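Please model the complete structure; the sequences and the hints are all you need to start from.
Numbering (numbering that gives the first Met the number 0), first residue to last: 0 to 99.
Don't read these hints as lab results, they were simulated from the structure. Please note that a few of the clues may not be correct.
Stated by the list, open to error - Pairwise CB distance ranges, derived in the manner of DEER restraints:
| no. | residue 1 | residue 2 | range |
| --- | --- | --- | --- |
| 1 | Asn40 | Asp67 | 37 to 45 angstroms |
| 2 | Lys35 | Glu82 | 29 to 37 angstroms |
| 3 | Asp46 | Glu82 | 36 to 44 angstroms |
| 4 | Glu37 | Pro85 | 19 to 27 angstroms |
| 5 | Asp90 | Ile45 | 33 to 41 angstroms |
| 6 | Leu74 | Tyr43 | 13 to 21 angstroms |
| 7 | Cys78 | His42 | 15 to 23 angstroms |
| 8 | Gln84 | Asp64 | 17 to 25 angstroms |
| 9 | Tyr43 | Gln84 | 29 to 37 angstroms |
| 10 | Cys78 | Cys38 | 12 to 20 angstroms |
| 11 | Asp67 | Cys41 | 39 to 47 angstroms |
Since the structure is predicted, the reported quantities are computational estimates derived from the model, not experimental observations. Note that the Cβ used here is the ideal one computed from N, Cα and C, for glycine as well.
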Amino acid sequence: MAKWCRSWLVDCRGIAKKVRHATLSSAVQIKDCGAKRECPNCHYLIDNSDVSYEWPGLPIGVKFDPSDVELLEHLAAKCGVREAQPHKFIDEFIPTLNNK
Numbered sequence: 000m001a002k003w004c005r006s007w008l009v010d011c012r013g014i015a016k017k018v019r020h021a022t023l024s025s026a027v028q029i030k031d032c033g034a035k036r037e038c039p040n041c042h043y044l045i046d047n048s049d050v051s052y053e054w055p056g057l058p059i060g061v062k063f064d065p066s067d068v069e070l071l072e073h074l075a076a077k078c079g080v081r082e083a084q085p086h087k088f089i090d091e092f093i094p095t096l097n098n099k
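Structure (structure tokens):
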């Protein structure tokens, strides 16, 4: 017999906040994780705030540690230097300012 469970809508920033604020209570971590998504068809904002505050645990030692070269190449790509592509995860896990 299958047990019915609700799914989480979690983006990378939500996971990054969960890891960064691991010492806070789980209720606080969930409230500010930004786990909402907009429907691409009707633009309805899907909110999952009515689900349980318990998250599955992350593996011990989860770490995102880009090298200095990766960071510099990412920033160069964001500034339009050469035809470089920005790193997939740096903007998700390390917020940068977008001021001109």
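Are Asp46 and Glu82 spaced within 36 to 44 angstroms by their CB atoms? Holds, since Asp46 and Glu82 (Cβ atoms, about 39 angstroms apart) stay within the stated range.
Does the Cβ-Cβ separation between Cys78 and Cys38 fall within 12 to 20 angstroms? Given about 33 angstroms between the Cβ atoms, the range is violated.
Range hint 39 to 47 angstroms: satisfied by the CB atoms of Asp67 and Cys41? 44 angstroms, holds
Check the following: the C-beta atoms of Asp90 and Ile45 are separated by a distance inside 33 to 41 angstroms. 22 angstroms, violated
Using the Cβ atoms, figure out if Tyr43 sits within 29 to 37 angstroms of Gln84. 32 angstroms, holds
Between Cys78 and His42, is the Cβ distance one that fits in 15 to 23 angstroms? 32 angstroms, violated
Taking the Cβ atom of Glu37 and the Cβ atom of Pro85, is their distance within the range 19 to 27 angstroms? At 23 angstroms between Cβs, range holds.
CB of Gln84 to CB of Asp64, is that within 17 to 25 angstroms? Holds - the Cβ-Cβ distance for Gln84 and Asp64, about 20 angstroms, lies within 17 to 25 angstroms.
Should the hint that Lys35 and Glu82 are 29 to 37 angstroms apart at their CB atoms be regarded as holding? 34 angstroms, holds
Satisfaction of the hinted span 13 to 21 angstroms by the C-beta atoms belonging to Leu74 and Tyr43: Between Leu74 and Tyr43, where Cβ atoms are some 36 angstroms apart, the hint is violated.
Using the beta carbons of Asn40 and Asp67, state whether their distance is inside 37 to 45 angstroms or not. Cβ of Asn40 to Cβ of Asp67: about 42 angstroms, so the range 37 to 45 angstroms holds.
Checked against the numbered hints above, the structure violates hints 5, 6, 7 and 10; every other hint is satisfied.
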